[in-house]
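First residue of the sequence shown? That's 969 in my numbering, and the numbers climb one at a time after it.
Any given hint could be a false lead.
Stated by the list, open to error - Listed next, the in silico BS3-like pairs over lysine-lysine satisfying Cα-Cα at most 30 Å (straight line):
| # | residue 1 | residue 2 |
| --- | --- | --- |
| 1 | Lys1245 | Lys1212 |
| 2 | Lys984 | Lys1245 |
| 3 | Lys1019 | Lys984 |
| 4 | Lys1115 | Lys1212 |
| 5 | Lys1115 | Lys1245 |
| 6 | Lys1019 | Lys1245 |
| 7 | Lys1272 | Lys1212 |
| 8 | Lys984 | Lys1162 |
| 9 | Lys984 | Lys1272 |
| 10 | Lys1272 | Lys1019 |
| 11 | Lys1162 | Lys1019 |
| 12 | Lys1272 | Lys1245 |
To be verified - Quick list of the computed label-pair ranges, beta carbon to beta carbon:
| # | residue 1 | residue 2 | range |
| --- | --- | --- | --- |
| 13 | Ala988 | Leu1185 | 24 to 32 Å |
| 14 | Val1034 | Ala974 | 21 to 29 Å |
| 15 | Gly1181 | Pro1142 | 39 to 47 Å |
| 16 | Leu1196 | Arg1137 | 43 to 51 Å |
| 17 | Gly1003 | Ser1288 | 39 to 47 Å |
Simulated from the structure, these hints should not be mistaken for laboratory data.
Predicted model only: the values in this text are computed from it and were never measured.
A virtual CB, placed ideally from N, CA and C, is assigned to each residue, including glycine.
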Amino acid sequence: MFFGIAGLALWLGIYKQLEAFSHFFAYSLLGLAQGSHLAESVQFFVYDTPKVLMLLTLVVFAIGIVRSFFTQERTRKYLAGKREAAGNVMAALLGIVTPFCSCSAVPLFLGFVQAGIPLGVTFSFLIAAPMVNEIAIILLYGLLGWKVAAIYLGSGLLIAMVAGWIMGRFDLEPWIEDWVQEMRASDAIVLEKKLNWTDRIDMGLEAVRDIVGKVWLYVIAGIAVGALIHGYVPESFMASIMGKDAWWSVPAAVIAGIPMYSNAAGIVPIVEALLGKGAALGTVLAFMMSVIALSLPEMVILRKVLKPKLIAVFIAVVGSGILFTGYLFNLII
């Protein structure tokens, strides 16, 4: 306990000095002229790189402990037998904290089918799990404030709930691959290991090694892109192509995000830079959500269990929700 408190205090002390260090590095150590494009880019990069990585490490550790309470088998038990509507809400909420992403979509989908969970409820979970990412929520809070984080959380949950409910209104089961439907007849028995707090802390540390070890290059790449936008892209230019007045900016942002592959931690610094340069919040959120929830790699993975018609419905429903969210927030904010 003592070492944990001491480590957290050290983390907080270093975190509070990052901005001052970035100014010292850019303007005093390198001697760059304040206000120049290069100086602003360097200061942004030096400040955001340790800031995002420190936030990411702390958040992943904490979430790793939380996720130890939500195994795949336990999640299936929570959702099994739930009616639609109530099931969509619970599935979307569970999608925030459960340890799944697009890479685990196939085994997760198979497990839900085998448990007899309604297809619409399953899709609410599959949409929320990658899109309403707890790491993105806390990074958005740390970088842009609670309002942006709350808007992202609320809109993402709403899309997952409504999209799953809509898909549950139609008879889409025949559009699941035949070999998947045959699994409904079988039952899987999964034995869960009882964990103590030492095990849970080890799982938090393992999550840090696994997740941060895999995404740190994406994070640095995202910050580098954000630094270039922050230092060199004029506000007037960004406002003209991603501002509220450009009606086509929201669908263009969604289309641009689909072929990209990035995790939430890598896309947040780009979001920060775009908003700082005058891009509209709704447009930027639409871009972020499409990168995370409608990425081409996820569609390729889901093709193993879904027929092309169902993937098209999935993209259309989720994409429509993202478009609605983008236009709505551009209108009201």
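Now the hints, each set against the structure:
Proposed proximity of lysine 1245 and lysine 1212 is supported: the alpha carbons are some 13 Å apart, at most 30 Å. For the proposed pair lysine 984 and lysine 1245, the alpha carbon gap of about 24 Å is at most 30 Å, so the pair holds. Taking the CA atoms of lysine 1019 and lysine 984, the gap is near 9 Å; set against the 30 Å cutoff, the hint holds. Distance restraint check for lysine 1115 and lysine 1212: the Cα-Cα separation of roughly 19 Å lies within the 30 Å cut-off, and the hinted pair is therefore satisfied.
Taking the CA atoms of lysine 1115 and lysine 1245, the gap is near 18 Å; set against the 30 Å cutoff, the hint holds. Note on lysine 1019 and lysine 1245: the hinted pairing holds, with a Cα-Cα distance of about 20 Å set against a maximum of 30 Å. Proposed proximity of lysine 1272 and lysine 1212 is contradicted: the alpha carbons are some 39 Å apart, above 30 Å. With a CA separation close to 39 Å, the supplied pair lysine 984 and lysine 1162 exceeds the 30 Å bound.
Distance restraint check for lysine 984 and lysine 1272: the Cα-Cα separation of roughly 47 Å exceeds the 30 Å cut-off, and the hinted pair is therefore not satisfied. For the hint pairing lysine 1272 with lysine 1019, the CA-to-CA distance comes to about 38 Å; that exceeds 30 Å, so the pair is violated. Among the hinted pairs, lysine 1162 with lysine 1019 is inconsistent with the structure: their alpha-carbon atoms are about 35 Å apart, more than 30 Å. With a C-alpha separation of about 40 Å, the suggested pair lysine 1272 and lysine 1245 falls outside the 30 Å cut-off, and the hint is violated.
As the Cβ distance of alanine 988 to leucine 1185 is approximately 27 Å, the hint placing it in 24 to 32 Å holds. A C-beta distance of roughly 22 Å is found between valine 1034 and alanine 974, which places it inside the suggested range of 21 to 29 Å. Under the hint 39 to 47 Å, the C-beta atoms of glycine 1181 and proline 1142, about 42 Å apart, fit the expected range. Taking 43 to 51 Å as the suggested C-beta distance range, the pair leucine 1196 and arginine 1137 conforms, at roughly 45 Å.
Between glycine 1003 and serine 1288 the Cβ separation comes to about 43 Å, which falls inside the hinted range of 39 to 47 Å.
Taken one by one, the earlier hints fail for this structure at numbers 7, 8, 9, 10, 11 and 12, listed in ascending order.
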